[in-house]
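Just so you know, the sequences run in chain order A and B.
Residue numbering for the first sequence is 1 to 245, as defined by our numbering.
Residue numbering for the second sequence is 246 to 597, as defined by our numbering.
No wet-lab data here; the hints were simulated from the structure.
Do not take every clue at face value.
So, partial list: chain B residues that the calculated Cβ filter (under 7 Å) puts toward chain A [claimed, not checked]:
| id | residue |
| --- | --- |
| 1 | A304 |
| 2 | N307 |
| 3 | G311 |
| 4 | S317 |
| 5 | E333 |
| 6 | K455 |
| 7 | G460 |
| 8 | G462 |
| 9 | L463 |
Between beta-carbon pairs, the in silico distance windows are [claimed, not checked]:
| id | chain 1 | residue 1 | chain 2 | residue 2 | range |
| --- | --- | --- | --- | --- | --- |
| 10 | A | D13 | B | N539 | 56 to 62 Å |
| 11 | A | P84 | B | K535 | 19 to 25 Å |
| 12 | A | P221 | B | R287 | 39 to 45 Å |
| 13 | A | E162 | B | K484 | 53 to 59 Å |
| 14 | B | H376 | A | A14 | 26 to 32 Å |
| 15 | B | E426 | A | P84 | 32 to 38 Å |
| 16 | B | H467 | A | A151 | 41 to 47 Å |
| 17 | A | M163 | B | I248 | 45 to 51 Å |
| 18 | A | N244 | B | E486 | 56 to 62 Å |
| 19 | A | R245 | B | E426 | 39 to 45 Å |
| 20 | A | A14 | B | K428 | 37 to 43 Å |
| 21 | B | R287 | A | N244 | 28 to 34 Å |
| 22 | B | R287 | A | F5 | 21 to 27 Å |
Which stretches of chain A does chain B cover? Using the computed rule of at least three CB atoms under 8 Å from a CB of chain B, they are [stated by the list, open to error]:
| id | segment |
| --- | --- |
| 23 | 24-31 |
| 24 | 39-47 |
| 25 | 52-66 |
| 26 | 69-76 |
All values derive from a computational prediction rather than experimental measurement.
For every residue, glycine included, the Cβ atom is placed at its ideal position computed from N, Cα and C.
Residue-level listing of the chains:
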Amino acid sequence: MSKLFAKPKSMKDAATHYCPGCGHGLIHRLICEVIDEMDIREEVIAIAPVGCAVLAYDYWDFDTMEAPHGRTPAVATGVKRVLPDRLVFTYQGDGDLAAIGTAEIIHAGNRGENISVIFVNNGVYGMTGGQMAPTTLLGQRTATSQFTRRAEKEGFPLKIMEMMAILPAVVYLERTSVHSPKEIMKTKRAIRKSFDMQLNKKGFSMVEVLSPCPTYWGLDPIKSMKRIEEEVIKEYPLGVIKENR
Amino acid sequence: MTIKYLSTGNEACGEGAVRAGCRFYAGYPITPQNELTAYMSRRMEEEGGVFIQAESELAAINMVLGASAAGSRVFTSSSSPGVSLKQEGISYMAGCELPAVIANVMRGGPGLGNIDAAQGDYFQATKGGGHGDYRLLVLAPASVQEMFDFTYEAFSLADKYRNPVMILADGMIGQMMEPLEFKENIKPAGIIDKPWAMTGAKARKAQSIKSLVLGEGLLEKHNEHLQGKYALMGKKEVKTELYNTEGAEVMLVAYGLASRVARSCIDSLRKNGVKVGLVRPITLWPFPYKELSNFAKKGVKFLVVEMSAGQMLEDVRLTVQDDEKVSFLGHTGGGIPTEEEITLKIEQIRKR
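My request is simple: use the sequences and hints to build the entire structure.
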């Protein structure tokens, strides 16, 4: 009997620590599917962040490093400059990339480092207990915005992709989501495109994936997916933000 | 064939790195080490290496972390405030067991301080510096030649122990010019395989480089392993220079620039029959406890001379275990002890 659905080869046979309904496991898997399809498992070096995905090395069956919080693109820069023929990608949450690592992501992009960035935006700090992130929506209650996020006190949700778009050396930016099978397939295609561009030495590319955090959104998994569809994508519109051909 | 030319200490440090096979440098501008960053921007390109002017010291040390993980011989340099910023990455590299060479061309502190030569970062360099239980091998050059020699050697030590090594110099050693000499065909030493490096999981299992160690008791095991390495360094890597220590009644203890002033002071005093000598730690960590303690047992009195408020002083006191026998002369904020001051202090100690 042939198996119709199995774990990707580049994914370890391990149960993840992620909460029920979390998007990380899904996005991990999409990356592994792309790597299998491209047959590049032996060429990959992944840089994991500090945050919920810090344990990615327990799930990915390829070389994986863990960077200090937010310095992920700097670490990737070091690896890629020494090994320009390997596929180097960072996997970062919104705390890692949009708060503490803002300088590193902008300058890696501005230098046109030939790396791929998978930016998982769930609008909240998961690992530390649901604190406000730069990407938290206005009106969203978190552990550190107890009276909800208000523009006049906490500022507006930070749109990193739109900021990155003005940098000439950034060649590809796409925002996707995992709230429906269709969007999941689009996410996978975007990851594939980013990896292809890197192997073709096109330069810096980044895929932002809107992802649910049922635990700290206080919603069940299905309502979390609905929230992305009905609220989150209004603030963070999906689609290709930039593509240099 | 020997190459000989006049060089600044900063540039000698850079050339030492190049000759040791360093092919990756990332740094950020800060005085008084800017000649070194500029030098590396030229030399890395000439040698087919990588030079990156990073957006911050934080980024620079993490680029170095990544390049080291990829198996390259890596180098970064800075001065006091910049080295404070690098502590995050240094702690992670110690935890990940990644080799790197870091030069700190010290300036006056605390805070932004000034840009004069100082030795106020001894504690930071030798006691860990960042968070967690770790140590760096710390080499303290006292001349332009040693900036080259020690940096060259530092790369072998870093690879041997899979641990960051620090070159602790100061603004004067960095910026002054002296003759520099080395063999034209000098080759990188101590090159070893790095099977732990991130190169892609080809013909081997996937591996990871990380400092996160979860699971009951596992982090303590990891720490015990690190402490084992540090103990080995303490046994094997201590380096000290003894100058005129024979029959000395008063022993100066000084490193780097301060040791040069101490040395000329000793030369003058010895001419007048005053029995003074110098113990110059070359490795500040591991500190030469044993060497000093041998002199202490002979009843020698010590005068510690530093360009700080007394930092190495604590290690000397710890060794001698008799505060009556240990005196101190220091300047902070860029002040340099003079021969006259040291001579006067020695006279006072001898009369006691």
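Let me make sure I understand: some of the numbered hints might not hold for this structure. Which ones are they, in numerical order? Checked against the structure, the hints that fail are numbers 7, 8, 9, 11, 12, 19, 20, 22 and 23, while the rest are satisfied.
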